[in-house]
Amino acid sequence: MPIHEKTLIRPENLVSHDELVIDGVDVSGHWSTFIKPRTITDYNEEMQAEIAALPGGENIHRCWQCGSCTNSCTMNAVNPEFNPRYWIYLIRQGLEEELLRDKDIIWQCVSCNKCTYACPRDVVPEAVMKATAHWLELKGHTGESLSSVFDRGFTDNVVHSGKIEEGHVLRIFFWRTGQPLAPPWLRDLILGLVKKLPVFYLYNLLKTAVLRPKTRGWGKTGAAIEDYVRERHAEQAAALGLSGKGGH
Amino acid sequence: MAKDMTEQDLTSDPKDKNLKQVAYYPGCALEGTGHAYNRSTKAVGKALGLELVEVKDWNCCGAMEVKNIDPQVQTYLSARNLTKTEEMGFDVVMAPCNGCYHNLKKAEYDLAHNPQAVEANERISAKAGHPAYQPGRVETIHALDWLKRAVGEKELARRTAGKLKGMKIANYYGCMYTRPRHIFPDKDQGAGSESTHAPHFMDDLLASAGAENVDFPLKTACCGGAHAMSDADTSTQLVLNILTTAEACGAEVIATECPTCHTSLEIHQLRAEKLLGRKTNVKILYFTQLLGMALGLSQRKVGVAENMADPRVYLKERGLR
Chain A
1 MPIHEKTLIR PENLVSHDEL VIDGVDVSGH WSTFIKPRTI TDYNEEMQAE IAALPGGENI
61 HRCWQCGSCT NSCTMNAVNP EFNPRYWIYL IRQGLEEELL RDKDIIWQCV SCNKCTYACP
121 RDVVPEAVMK ATAHWLELKG HTGESLSSVF DRGFTDNVVH SGKIEEGHVL RIFFWRTGQP
181 LAPPWLRDLI LGLVKKLPVF YLYNLLKTAV LRPKTRGWGK TGAAIEDYVR ERHAEQAAAL
241 GLSGKGGH
Chain B
1 MAKDMTEQDL TSDPKDKNLK QVAYYPGCAL EGTGHAYNRS TKAVGKALGL ELVEVKDWNC
61 CGAMEVKNID PQVQTYLSAR NLTKTEEMGF DVVMAPCNGC YHNLKKAEYD LAHNPQAVEA
121 NERISAKAGH PAYQPGRVET IHALDWLKRA VGEKELARRT AGKLKGMKIA NYYGCMYTRP
181 RHIFPDKDQG AGSESTHAPH FMDDLLASAG AENVDFPLKT ACCGGAHAMS DADTSTQLVL
241 NILTTAEACG AEVIATECPT CHTSLEIHQL RAEKLLGRKT NVKILYFTQL LGMALGLSQR
301 KVGVAENMAD PRVYLKERGL R
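In the order they appear, the protein sequences are chains A and B.
Note that this note's numbering has the first sequence beginning at 1, numbered continuously upward.
Note that this note's numbering has the second sequence beginning at 1, numbered continuously upward.
Hints were generated in silico from the structure; no laboratory data involved.
Possibly wrong hints are sitting among the right ones.
In silico DSSO-like cross-links for lysine-lysine, where the CA-CA straight-line distance does not exceed 27 Å [what the hints assert, rightly or not]:
id, chain 1, residue 1, chain 2, residue 2
1, B, Lys301, B, Lys165
2, A, Lys195, B, Lys279
3, B, Lys56, A, Lys220
4, B, Lys301, A, Lys207
5, A, Lys195, B, Lys274
6, B, Lys168, B, Lys279
7, A, Lys214, B, Lys219
8, A, Lys195, B, Lys316
9, A, Lys139, A, Lys103
10, B, Lys56, A, Lys207
11, A, Lys214, B, Lys56
Bound conformation, chain B alone (with noise of 0.2 Å):
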């Protein structure tokens, strides 16, 4: 039984080869804001091999607005994205934002479970000229996904040379990544599988290429982002608790997989210098410019000088030019 599972452990690698040529569903965010994650994920992706097609006339997923004004209006606007997907061809779609991600997982879900849901959504598909969304025929994936499963950390290793070595990170997931739980059900299904409660993928990775990763108990904790403008003395709090903590754990640099997360942690840590008197040094990255810089992509093809906290020097003293 044991020399079965360490076989198992050593060939369980898992390469994906659905996943060598996905549909993208940027989102709002990675067309502003986020350009710099839309940028060093295709890096990556061209980088690993890995092609995205962009989802044809796509729409805002609703975000984290919508579905105060109505939810089942975001579960359409979502839905509308996986029509959108199937329409060509595909039956995986691979969202790096996690909003979206959570949308679209979320609209997968309700319209398996929410008879309201369905009636809204074919209602409003109807009205607007196009097919309703039946749920299961696109799988909703998130770029940590989308690496895990089409390159693994094997290749990843490979590739990277532990370029990342001695980089001390605090990986920051945010909440959408994994709650409510019971809207992502390929997560907790024991091992391989990703944690709603300690979700690793991106320790994964980004220890793969090298970079020792800071036991930070705030991984899952709340930025704020949700209300980075309408509260935003409430956000600065919470942002400088995560930037306190990532730095009280020894990390340099903190991680992150979603564009409202890494700019509210990077407008907040600017607002609590100006405001509070309260500076901190850590530098928020991307774990696609990680991975991109590890991969020999340089700082200006992943994006770096669009980040506020200018990482420029810091990154080339660690030789990632």
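Bound conformation, chain A alone (with noise of 0.2 Å):
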């Protein structure tokens, strides 16, 4: 498959001399531009089965490579270098170098199912990118994302109350982020918001806040929770050579 040649014609494995002649041959120039061969010697031939070992992984090795993940991909049409279809080739490939260089993006995905509508073969490709980057957090290639961050505030919220307040998932969103308590933008939308409210809705909100829903009979139920998530995180750490660090 030709397709990680692409790497090769990236501006630093081009050559061009202004002056350059070989065997009598003058091949001075752009018209001339040599390509860098390249030796690859250090696939990580363990990163697919640890992607498939995290959960949405497991049907990575499904894939076909037909592009349709990437075609309708929302994130692609936001930044070309968001390219599911070409990340799964790598982790395939155990092209590891190569999928780093766009480990800061792997966690945007935004979920819409596109991917996963339009694939053929099962792949899930959505829940594929979710896994890549629990992996690129895992392995400590990238810090928790934001994105991270937030489902792990918003997880705790549901775990201990059965319920969300949406207020307090983004108090410890902005908490936890060291992001003031709200952004200037938020403020604003919510000092206008504010002002024409009525008085029995304000009354509402503050009464939701102060007192946190909570589902009644929640009892043992989060606790169960707790218990099985710690025992998969611990199983997935297991499965990426991590024994003792525990979950994400």
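Got two chains here, each in a separate frame; can you build the complex from them with the hints?
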């Protein structure tokens, strides 16, 4: 498959000389650009198995590189570097270094499921993107993404109360990511809204913020979920050779 | 043959008697930012003689977030609500939020097809002290299915008398209502069923109230709702695309049927204006707010004051008070 050859024509792999004659042939200038030869020796042969061991990564081996995922991708339309088809290719080949070039954008998958809808092989690319983003975090290639911080705060709230209170989830998110309690645009928005809302609605908002909704009879449920997640995360850490470090 | 089909068409306006009283799963968003959706859905139900019985002791379905911590926990959370529905003696639960609707449907599918999901659901349910949900016991429907099947366009047309006449609407369904298709076995089943690539239930309902639906190519585009806060710039870009396309198609209103989409469109409409100087005038309203007003309910009754891009003056001009 010729797909990875695009890496060869990156600027750093191209060489041209202002004046160069080889065996009597003038190969100067742009028209005689050379592509540097490349030998790959650093395949990560574990990468596919590791990502397949994380939730959502299970079907990655089914991919036959048709590109329907990238073609339908919401994020690819925003940023052409966001390329699920290519990342799946890299993971299956074990081309870790190449994957790491995009490590800071993979988490941006918005879970619109267009790829999963389009995929003829049931790879579930959306879930593969999430598994890949988690793999990058677990392996220490990236810090915890803003999305993961949000997911964690949200899930903590659900496990604790059975329900979420949106204001609480937001406050936790801003606090954990070190952002001001509300960015200026959000503060303006809230203030604008408060001015025109009926009093009873504001009263309700305030009441929810103070009393935090909770599912009646939630009891042992939260603890049951925590146990399950702990076990699963320990299994996953073991599959990635990270035993002892615990979950994400 | 042709004659038969015509006759069938005339009589096929579906009225599902079983849906006159259904279990109601509002979900967390409808108790918070989607309060107007909750309020207008209940008001529309009441006006049409449909009864909604809230699921007792319901919990969060997991939304877009819990699956990223563990997908099976999300399946369990959704399945618990189906158990609660069953315990109340209902076999249909209506969820107006796309996220809830999607997750309940997905739990139903996963528990019938994925042994790992079944195992997790049984394990957590046992520890939590309630029976594990068995697939096939409860049908999850969306508010769109509910109104389409329990009332139908003919009855709505009669009750609304074309009150939305001339209102140009872009119907926006978002992601979770149609994707991925395998969790929605009732969709794409030919005439009368919902389509996953070109959904039309909301179009049908609003058209029956007289609205003029514009040809809108981004019905199932993504608003970036999952990352509305964690990747706000991307969301603003995605939303701005939806808003400007709706306006280019001639829409005055974007009708929504999901609190996450609705809030994301509203927040990022304002954010695009404040940060990028890109102002759009299209109004964003829940389809239940529009139907409620078409049924003669006041703006107040359907919670219009809670909408951020204040539509009150526009609606007044349209004769909807």
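Straight-line Cα separation of Lys214/A and Lys56/B no greater than 27 Å? Between Lys214/A and Lys56/B the Cα gap is close to 12 Å, so the pair holds against 27 Å.
Between Lys56/B and Lys207/A, is the straight-line Cα distance small enough, at 27 Å or below? Given pair Lys56/B, Lys207/A holds - Cα atoms ~21 Å apart, limit 27 Å.
Could you grab the alpha-carbon distance between Lys214/A and Lys219/B and see if it respects the 27 Å cut-off? Violated, at about 35 Å.
Within a Cα-Cα threshold of 27 Å, do Lys195/A and Lys316/B meet the stated pairing? 20 Å, holds
Below or equal to 27 Å on CA atoms is what counts here, so check Lys56/B against Lys220/A. This hinted pair holds, its Cα atoms lying about 17 Å apart.
Pair hint outcome, Lys195/A versus Lys279/B [Cα-Cα no greater than 27 Å]: 21 Å, holds
Given the hinted pair Lys139/A and Lys103/A, is their alpha-carbon gap at most 27 Å? Answer holds: Lys139/A to Lys103/A is near 11 Å, not above 27 Å.
Given the hinted pair Lys301/B and Lys165/B, is their alpha-carbon gap at most 27 Å? Given pair Lys301/B, Lys165/B holds - Cα atoms ~21 Å apart, limit 27 Å.
Hint consistency between Lys301/B and Lys207/A [alpha-carbon to alpha-carbon, up to 27 Å]: At roughly 21 Å apart (the allowed maximum being 27 Å), Lys207/A and Lys301/B satisfy the hint.
Can the restraint linking Lys168/B and Lys279/B be considered satisfied, given a maximum Cα separation of 27 Å? Holds - the C-alpha atoms of Lys279/B and Lys168/B are around 19 Å apart, at most 27 Å.
Given pair status - Lys274/B, Lys195/A, alpha carbons within 27 Å: 18 Å, holds
Figure legend: structure checked against the earlier numbered hints; the only hint not met is number 7.
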